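> Listed below, chain by chain, are the residues.
Number of protein chains: 2
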Amino acid sequence: MITSRDNELIKETVKLISSAKFRREKQKFVAEGVRLCRDGAESGAEITAFLFTQTAAEKYPQDFRLISSKSEKIYEVSEKLFKQISDTTSPQGFMCLFKTLDKQTTSYKISNKKCYTALENIQDPSNLGTILRTAEALGTDGIILSKDCCDIYMPKVVRGSMGAVFRVPVIIAGNFTEYISQLTKSGIKTYASTPHNAENINDIDFSDGGVMLIGNEGNGLKDETINACFKRVKILMKGRAESLNAAAAAAILMWCMQS
Amino acid sequence: MITSRDNELIKETVKLISSAKFRREKQKFVAEGVRLCRDGAESGAEITAFLFTQTAAEKYPQDFRLISSKSEKIYEVSEKLFKQISDTTSPQGFMCLFKTLDKQTTSYKISNKKCYTALENIQDPSNLGTILRTAEALGTDGIILSKDCCDIYMPKVVRGSMGAVFRVPVIIAGNFTEYISQLTKSGIKTYASTPHNAENINDIDFSDGGVMLIGNEGNGLKDETINACFKRVKILMKGRAESLNAAAAAAILMWCMQS
Numbered sequence: 001m002i003t004s005r006d007n008e009l010i011k012e013t014v015k016l017i018s019s020a021k022f023r024r025e026k027q028k029f030v031a032e033g034v035r036l037c038r039d040g041a042e043s044g045a046e047i048t049a050f051l052f053t054q055t056a057a058e059k060y061p062q063d064f065r066l067i068s069s070k071s072e073k074i075y076e077v078s079e080k081l082f083k084q085i086s087d088t089t090s091p092q093g094f095m096c097l098f099k100t101l102d103k104q105t106t107s108y109k110i111s112n113k114k115c116y117t118a119l120e121n122i123q124d125p126s127n128l129g130t131i132l133r134t135a136e137a138l139g140t141d142g143i144i145l146s147k148d149c150c151d152i153y154m155p156k157v158v159r160g161s162m163g164a165v166f167r168v169p170v171i172i173a174g175n176f177t178e179y180i181s182q183l184t185k186s187g188i189k190t191y192a193s194t195p196h197n198a199e200n201i202n203d204i205d206f207s208d209g210g211v212m213l214i215g216n217e218g219n220g221l222k223d224e225t226i227n228a229c230f231k232r233v234k235i236l237m238k239g240r241a242e243s244l245n246a247a248a249a250a251a252i253l254m255w256c257m258q259s
Numbered sequence: 001m002i003t004s005r006d007n008e009l010i011k012e013t014v015k016l017i018s019s020a021k022f023r024r025e026k027q028k029f030v031a032e033g034v035r036l037c038r039d040g041a042e043s044g045a046e047i048t049a050f051l052f053t054q055t056a057a058e059k060y061p062q063d064f065r066l067i068s069s070k071s072e073k074i075y076e077v078s079e080k081l082f083k084q085i086s087d088t089t090s091p092q093g094f095m096c097l098f099k100t101l102d103k104q105t106t107s108y109k110i111s112n113k114k115c116y117t118a119l120e121n122i123q124d125p126s127n128l129g130t131i132l133r134t135a136e137a138l139g140t141d142g143i144i145l146s147k148d149c150c151d152i153y154m155p156k157v158v159r160g161s162m163g164a165v166f167r168v169p170v171i172i173a174g175n176f177t178e179y180i181s182q183l184t185k186s187g188i189k190t191y192a193s194t195p196h197n198a199e200n201i202n203d204i205d206f207s208d209g210g211v212m213l214i215g216n217e218g219n220g221l222k223d224e225t226i227n228a229c230f231k232r233v234k235i236l237m238k239g240r241a242e243s244l245n246a247a248a249a250a251a252i253l254m255w256c257m258q259s
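Here the protein sequences come in this chain order: C and U.
Reminder that position 71 of the first sequence reads as 71 in our numbering, one-by-one numbering, no gaps.
Reminder that position 145 of the second sequence reads as 145 in our numbering, one-by-one numbering, no gaps.
Hints are supplied without guarantee of correctness; some may be wrong.
Below, in silico cross-link-like pairs of lysine-lysine (DSS-like), each with a Cα-Cα straight-line distance of 25 Å or less [as the list claims (entries may be wrong)]:
(1) U:Lys99 - U:Lys21
(2) U:Lys59 - U:Lys70
(3) U:Lys238 - C:Lys113
(4) U:Lys114 - U:Lys99
(5) C:Lys70 - C:Lys59
(6) C:Lys185 - C:Lys238
(7) U:Lys21 - C:Lys156
(8) U:Lys156 - C:Lys156
(9) C:Lys26 - C:Lys156
(10) U:Lys113 - C:Lys238
(11) C:Lys238 - U:Lys21
(12) U:Lys234 - C:Lys114
(13) U:Lys156 - U:Lys26
(14) U:Lys238 - C:Lys114
(15) C:Lys83 - C:Lys73
(16) C:Lys109 - U:Lys238
(17) C:Lys234 - C:Lys185
(18) U:Lys156 - C:Lys238
(19) C:Lys113 - C:Lys185
(20) C:Lys234 - U:Lys114
(21) C:Lys238 - U:Lys114
Taking beta-carbon pairs under 8 Å as the criterion, some of the chain U residues facing chain C (in silico) [unchecked claim]:
(22) Ser4
(23) Arg133
(24) Asn202
(25) Asn245
Note that these hints are calculated values from the structure, not bench results.
Given the structure is predicted, the values throughout are model-derived calculations rather than measurements.
Every residue, glycine too, gets a C-beta built ideally from N, C-alpha and C.
Working from the sequences, and respecting the hints, build out all of it.
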């Protein structure tokens, strides 16, 4: 049983929880909680280490067996230490180190007639997690992220996504604007959501599918990205609020495109 | 200039920020930041005290004049003390104590043909703030809250609402289920959003307006509340995610009803 913070695995885990740079270096990330660890195990993601407390193993025997069977190595951790390293206020006693999923490629094929969501410079991990969760629930075929979005492997994003991070195909585009521009040129319908000079989303025929672009919480999409798109679309605002929260806007936009 | 935490007004302000019980007792709440204080002043809400730093007064002279002109009393606070009492990480130097708006009544008239959103036991202040903001942006005619929702005057809710809390009519229903039941009996179309035995929201004709009910983040609406409604509606899920985040679901539901 591991009881000390000085243990090498514990030191690695703590750093994977807190540092995006370290996650990129190690190509690993941490997911915590019974549901998320099971979601990861079921998705086929590679588990390099499974950390658990005795109490949790006894409380969730089925999940314990499933996750153990998919893990390279398993380690019992003392209750006290688990609480110390956990990122949540009431830890459930399960934590897995996963290999990052191979999502850095831009060679992934965007298909005609399918529906995608593309995010430029989304900064709030709660928004990103919620958008991933919504995208999966509404049946999006994939998410495209600009490189400057917050890290999808941040614990808050993984948690907020309710496991969608393990299941929804994600592409991280090195040069986002250029990538969108290429899609538009190849005949994919790319829609920039922006309040300026845009068509009412209710007037758009989405039967050809396409890519819905959503921009940064404060500044929206960059002008050059808007210009690289097939069309500009907007959600009609009626009240005095000048804008919607990014995750609420994304929910409505994805709904309009996919339903 | 106030420099001490022992000042009576400062003690009151700190307690209003942290305690829902104290807010109810005093019938006051705190809003912070240039935009929110201005929104409150413009909405006609009563400002019992305006706290500002010299730097902020010089940086935002127009807002400073407007807010001062609407405030019963104004107080300069030292930069150091302002930072200490502020609920935000980068305080802008404006803070107002508002009288709570008269929203405890259930006598407010729900009109036919109009659109309302009703929330039962929403617990997350970020969700509540986002729902208020979305409701205003989409033009809802009012929000009905069950008494066990989190307090709308919590700083995180006020901030997340982007000022909508000052402008959207809110009713807090003492007996929520009973209130909804009365509405249904009086011919108002009340819609319970629930995944069970519900009609696809795309098949509903919302031309008569009505009330869209959204339940608790983990448990949804109570059975007795669902039974008190005119109809059950659901958002069709396609992915493995079993549910949407409450604020994302609310955005789609309000959009379907109001657009």
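> A separate judgement is required for each hint: does it hold in the structure or not?
Evaluated hints:
1. Of the supplied pair hints, the one linking U:Lys99 and U:Lys21 holds, its CA atoms being roughly 15 Å apart against a limit of 25 Å.
2. Taken as a hint, the U:Lys59 and U:Lys70 pair is honoured in the structure, with Cα atoms around 19 Å apart against an allowance of 25 Å.
3. Among the hinted pairs, U:Lys238 with C:Lys113 is consistent with the structure: their alpha-carbon atoms are about 17 Å apart, no more than 25 Å.
4. Pair hint U:Lys114 plus U:Lys99 does not hold up; C-alpha atoms about 28 Å apart against a cutoff of 25 Å.
5. Our distance criterion of 25 Å between C-alpha atoms is met by C:Lys70 and C:Lys59, whose separation comes to about 19 Å.
6. About 34 Å separates the Cα atoms of C:Lys185 and C:Lys238, which puts this hinted pair outside 25 Å; it is violated.
7. A threshold of 25 Å between alpha carbons decides the hint, and for U:Lys21 with C:Lys156 the separation of about 30 Å lies outside it, so the pair is violated.
8. Taking the CA atoms of U:Lys156 and C:Lys156, the gap is about 18 Å. The hint holds against a cut of 25 Å.
9. Between C:Lys26 and C:Lys156 the alpha-carbon distance is near 19 Å, which keeps this suggested pair within the 25 Å criterion.
10. Restraint check for U:Lys113 and C:Lys238: satisfied, since their Cα atoms lie roughly 17 Å apart, inside the 25 Å limit.
11. Distance check on the hinted pair: C:Lys238 and U:Lys21 sit about 34 Å apart at the alpha-carbon level, beyond 25 Å; violated.
12. Between the alpha carbons of U:Lys234 and C:Lys114 the distance comes to roughly 23 Å, so the proposed pair stays at or under 25 Å and holds.
13. A C-alpha spacing of about 19 Å is found between U:Lys156 and U:Lys26, which places the hinted pair at or below 25 Å, so the restraint holds.
14. Our distance criterion of 25 Å between C-alpha atoms is met by U:Lys238 and C:Lys114, whose separation comes to about 14 Å.
15. Restraint check: the Cα-Cα separation between C:Lys83 and C:Lys73 comes to about 21 Å, which is no more than 25 Å; the hinted pair holds.
16. Only pairs whose Cα atoms come within 25 Å are accepted, and C:Lys109 paired with U:Lys238 is accepted, the gap being roughly 21 Å.
17. Of the pairs offered as hints, the one joining C:Lys234 and C:Lys185 holds, with about 22 Å between alpha carbons and a cut-off of 25 Å not exceeded.
18. For the hint pairing U:Lys156 with C:Lys238, the CA-to-CA distance comes to about 24 Å; that is within 25 Å, so the pair holds.
19. The straight-line distance between the Cα atoms of C:Lys113 and C:Lys185 is roughly 16 Å, inside the 25 Å bound, and the hint therefore holds.
20. With a C-alpha separation of about 23 Å, the suggested pair C:Lys234 and U:Lys114 falls inside the 25 Å cut-off, and the hint holds.
21. Restraint check: the Cα-Cα separation between C:Lys238 and U:Lys114 comes to about 14 Å, which is no more than 25 Å; the hinted pair holds.
22. Given the 8 Å rule on beta carbons, the hint for U:Ser4 is violated: about 33 Å separates it from the nearest Cβ of chain C.
23. Interface hint status for U:Arg133: upheld, as the beta-carbon distance to the closest one in chain C is roughly 6 Å, under 8 Å.
24. For U:Asn202, the interface hint holds, the least distance from its beta-carbon to any beta-carbon of chain C being 6 Å, beneath 8 Å.
25. The restraint placing U:Asn245 at the interface with chain C holds, with a minimum CB-CB distance near 5 Å, inside the 8 Å limit.
In this structure, the earlier hints numbered 4, 6, 7, 11, 22 are contradicted, and the remaining ones agree with it.
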